[in-house]
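J.: All chains should be modelled from the sequences, with the hints used to inform the complete structure.
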Amino acid sequence: MLVFAVRRFGTMILTMFVVSVLVFLLLEVNIDGVATKVLGPYSSQEQRHLWLQANGYYDPAILRYLRWLGNFVVGDFGESVRFKVPVSEVLWPRLANTGILGGIALFFASLIGLTLGVIAGMREGGARDRGVSVVSILTTSVPEFASATFLMAVLVFQFQLLPGTSGMADGFDPVQLVLPVLVLVIYDFGYIARMTRASMAEVMTTHYIRTAVLKGLPYGQVIRRHAMRNALIAPFTVIMLQINWLLSGVIVVEVAYAYKGFGSLLYEASLNQDIYLIEACAMVAVFVAVMTQTLADIGYTYLNPRIRFS
Amino acid sequence: MASKDHSYTGPILECRDLCISYFTRAGEIPAVIDFNMTLEQGHSIGLVGESGCGKSTVAMAIMRYLGNNGAIVGGQVLYKGRDMATLSEEELRQLRGNEIAMVYQEPMASLNPSMTLGRQLMEVPLCHENIGEKEAYDRALQILSDVNLPDPERIMSVYPHQVSGGQQQRVVIAMALLSNPSLLLLDEPTTALDVTVEAGIIELIGQIASKYNTSMVYISHNLGLILETCDRVNVMYSGVVVEGGAVGEVFDHMRHPYTKGLFGCIPLPGADKAARPLVPIRGQLPLPHQRPPGCYFGPRCDFFKEGLCDREGLKMTPVPDEPGHDVRCRRWQEIDWSTYKPEGVGAGATQAGEVVLSLNNMKKYYEITDNSIAAMISGKRVRHVKANESISLDARASETVAIVGESGCGKSTFAKVLMGLETATDGEVFFNGKDIAQQEVQKRSPEQVGSMQMVFQNPFDTLNPSHSVGSQLARVIRKFGVETDKDRIEQRVMELLDLVKLPRDFARRRPRQLSGGQKQRVGIARAFAGNPSTVVADEPVSALDVSVQAAVTGLLMDIQKSYRTTLIFISHDLSLVRYLADRVVVMYLGHIVEQGTTDEVFAPPYHPYTEALLSAVPIADTSVEKTRIILEGNLPSVTNPPSGCVFHTRCPRFIGDICKTEEPPVVTLGDGHRIACHLPLAELQSMKPVISLARAPQTPAAE
Amino acid sequence: MTEQAVAAVPRRESSVLRFAKGLALIRESWVGMVGLVLVLFWVFVAIFAPLLAPFPPNATGAPLTLPGGPSLDGSAVHWLGTDQLGRDILSRIIFGSRQVLLYAPLATLCAYLVGIPMGLAAGYRRGLTDDVLSFVANVILSFPVLVLYIIIIATIGASGTNIVIAVTFASAPGIMRIVRGLVLDLRNREYVFAAETRGESPWRIMLVEILPNARGPLIVDACLRLGYVVITIGTLGFLGLGLPPPDPDWGGMVSENRQVAMFLPYIAIFPCIAISSLVLGFNLLADGLREVSLRD
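Going line by line, the protein sequences match chains A, B and C. Position 253 of the first sequence, counting from 1, maps to 253 under our numbering, and the rest follow consecutively. Position 345 of the second sequence, counting from 1, maps to 655 under our numbering, and the rest follow consecutively. Position 217 of the third sequence, counting from 1, maps to 1230 under our numbering, and the rest follow consecutively.
Just so you know, these hints were derived from the structure itself, not from any lab. Idealized CB from N, CA, C, for every residue including glycine. Mixed in with the good hints there might be a few duds.
[What the hints assert, rightly or not] Distance windows between CB atoms, simulated:
id, chain 1, residue 1, chain 2, residue 2, range
1, C, 1197, B, 949, 32 to 42 Å
2, C, 1197, A, 287, 21 to 31 Å
3, A, 302, C, 1197, 16 to 26 Å
4, C, 1228, A, 18, 30 to 40 Å
5, A, 82, C, 1033, 54 to 64 Å
6, A, 302, B, 914, 25 to 35 Å
7, C, 1228, B, 980, 54 to 64 Å
8, A, 82, C, 1197, 46 to 56 Å
[What the hints assert, rightly or not] Anything over 12 Å on all C-beta distances counts as not near chain A; from chain B, calculated:
id, residue
9, 416
10, 423
11, 660
12, 770
[Stated by the list, open to error] Interface residues of chain C toward chain A, partial, derived using beta-carbon atoms under 10 Å:
id, residue
13, 1148
14, 1163
15, 1178
16, 1257
17, 1259
18, 1263
T.: Structure below.
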């Protein structure tokens, strides 16, 4: 178990390393492009040359990469072209905002998804099962940008129940969180529900559930003690991996509602060719994703006694 | 257990005209029809029949657990005189696990993988009786030692996958016994287990029956097990009971042609492939929605009479002088069994030719990398699994050499090395004079590959479901270069289908349109496509029903005889091996413990393992007397085999430290009969036969 | 056993016919039928777009006409209104279906062409091949999808071809994983052993013995993936990273029309409905196919 965790973290570091190489190759190898992005398209050849020289860009790529990586590891991401401040100054507050949004959305999506999934999977093919299936297919078929637009039209412009933007211009306002959370939950819960349902339905057909029923246990106990304990192992992983998906959804939602989070930051950065900000955002996003995946794997191993004791 | 009514003296269980159906998209499908059974207290009834005969459905109906699409559509199940159909859900729940308990086929699947065994056991008394955790724990602990499990405390605290299959089944039995039920349903409780483990479980079930006075319904496809466990038996065929009665009467004087046929299909000790061959039942079991009118066995019966047997309304009729013996046949009194001499599917005696395959000290080790911290510290990260250790044997032309052993004995590895899917770690494998031990299949010539082919175990995935039967056979013919011309290939495919007695239009069919037996025939045709001199058959019939088994076995022997093929027959079924093999090799944990001609191996002197194995095989013959030898302990793991003699941990004839420390010498007794054992020669030679016939092998006949 | 089940002798039939028969099974699932109808509807619309659309997609007229309002010359009706530039919404949705139904299947196909061989090799050969391929897949999959798209598109620019490249790059690892999982199961079947014991080459075993038996789950996955690629293309359009203007693109239309949502809240919804219905079609079709394939 401990060995497994150590190995898993080792793999994670290796993955991050390869990702950093990838990001570096994609964005920093063409040094003239870097200079253009930093100094703007109207800079002269001379200016770019001087800037490149001043910032050590004529050094060998390996050396530049190592220096870049070193700076990254200690949290020095360079200076944002657009905001004219160190990247870390904009990045961390934005990430915290996204953490709030994503956390709340994930909580509700998991809660609804797990509940519906368990209910649907208890009796495969029953009316509840079909109902949940149709609803979850329907909600996962509507892209985030479509539901964001639709909810805005209905709840903001038609009935004027909620504010249309979530910029939080006057400080933190929970009401402004409602729409973004709603959009994320609608898109995400269906997937969790379907996965939970599949897992639950599979467990319900196993022989040990038959054993439990034929032991004379009350139905509630069969479901709670025998079925759910096994059925919820798989959705745990799904929920952890959902964080990776959520990071994609967050970009759309934050752009749609002008929420000042990590997603809109990355979006702005990419529109403005803010190269250091893009790099930082990408690395942070991958780090979050890889970290959750690692935790998911370790958690799965821990939850499953068949792996834990072998 | 205050609620239990132990003063009741009537029959524990009665099924009256029970009819059970499943409702599918295709409509109602009757699974069990007109089923009657009375089980008295302390008695045990066996339900026996081939797959799909409805025997397990009966058990589930008794438990009233038929799933969403099954229902009792007629008749009654009376438990202690009460109609189960009138019970409320709550009453039913109190009955289940408390009064009626069940033991299942797959012990691993029947236990919750994420719950400790102790918790699963304690649930039963906690739910049915008003007692506390402590008392429940003690009760569970007690019952675990009652089912002869070593170290019950440890068992209580572990998860199912941490104990062996045999121990799992003991836990399931313990769970069933915890509330001291009046009725125990056993649904193929040993089918998933090895034969020596099975013997232990059967013994335990026998002990329970006498100790707790529990009534039992024992479901099995194995007639021998029924004989060992039950007083009465119901033989089922396609949803109906065709014959029922006391075990002795049914086994010795069966009246129904199906029962008779079933006994003709199983290799009893008297059977012999030359003199008394097996008699398969022709045709196939009808599908539930395609049963013929009248007698369901009609189309396969040699005594079928038009206008009589296909009339509806067939009922059970009692046999006059044998109370409780009933037969579902209109003609049973007319049949004269003494003149009935059906044609068997054996092969005459064959003369073994020159040596075709010769193994000399063949070894196959696998490397396992251990990633645990302890292994990293001690530096012993790579361990060797000795899947095959010093295998030496010869096989001659037109000879059948059987490799016998339980799971983990190295049979499959042996086959893989022969076929070139693995290369031997050491030693020689001479095939037609060339050493192929180090030659992978890709490095062998097409003739070499074609002349050694394999028949596989599982009919359901021996053929590729995506390609037609004909194209799969054609591919083999092309690959081995037997024919190259398109028309000639097609001609050869037809010949192969003729060879395995399948209609020629099967060439166009997809595997899923074929029955298990038919697929296995195609598998045999495929193996013989390249005119092989040697065929390795890995449990070729173990997944088939008894009646089909006999036909496929017969076919295989027939082809072998006409082609003078060497057949390496890998099997765990000793009865079958005794029936068809010329020479037998007994393996245990990768070692050959004994080899010799069939007669030599099946008669003393034995290796102690062979002796135990022979004793463990259930035999469906009332005249057979066996010495009971139950092996203690578990099958050791191949990754960590015992030192010295690998069998010493379970050996009933263990003689001391020498068994633990030294590998046993190979003793040669007579011509080629070799035993690897430390026992002194004198003791080996003084062994008594395990199986003896109390009277001359009787011809199972009616009058 | 099932001798009687095969009373009728099937004629030799072409694989195309069999495939069509397999698809015809979808009739037994009403969910699948609804999905199929939705997908076929959009395919039909895309093919006959010039005949169905009342206006050319980029023709401008009176801006912000209400749904049902007349065109400038009064000869036709803007059934769904016009956008800020006075372009007919309905016509743009109709022509937009062409973009989606060209690029989504193309991108999915490319992803499969890359992912299947990778998955076969990883699952069948195992060992180092598997370790390397799986690691590469893990690295790519550890990027949040949209982050990956944004980086790729930011680097190579937005165009139809680049979307296909980006989708292939991002989806192939997922396909590889699915194929690998199926192969790991199928490679232990006895017919694979049979092929090995007669010395077939590894690629023949992978392509002839294993791959055809994995087609069921792969077809279901392809349907789901098509739906997801449609969402991706739409999202990229919405973020302004999709197909370059002025050709109509559903995602782009949503973001353009959102800017005037204050005045006409509903015109932004129409392209949303279009894209959602197409995705729903693919998802329902996948569900129906899965249901039917599990039946026998």
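J.: Could you run down the list of hints and mark each one as holding or not?
T.: Evaluated hints:
no.	hint	verdict
1	C:1197 with B:949: 32 to 42 Å	22 Å, violated
2	C:1197 with A:287: 21 to 31 Å	30 Å, holds
3	A:302 with C:1197: 16 to 26 Å	24 Å, holds
4	C:1228 with A:18: 30 to 40 Å	33 Å, holds
5	A:82 with C:1033: 54 to 64 Å	55 Å, holds
6	A:302 with B:914: 25 to 35 Å	55 Å, violated
7	C:1228 with B:980: 54 to 64 Å	58 Å, holds
8	A:82 with C:1197: 46 to 56 Å	47 Å, holds
9	416	6 Å, violated
10	423	5 Å, violated
11	660	45 Å, holds
12	770	19 Å, holds
13	1148	8 Å, holds
14	1163	5 Å, holds
15	1178	13 Å, violated
16	1257	15 Å, violated
17	1259	19 Å, violated
18	1263	9 Å, holds
In summary, the structure is inconsistent with hints 1, 6, 9, 10, 15, 16 and 17 from the numbered list given earlier, while agreeing with the others.
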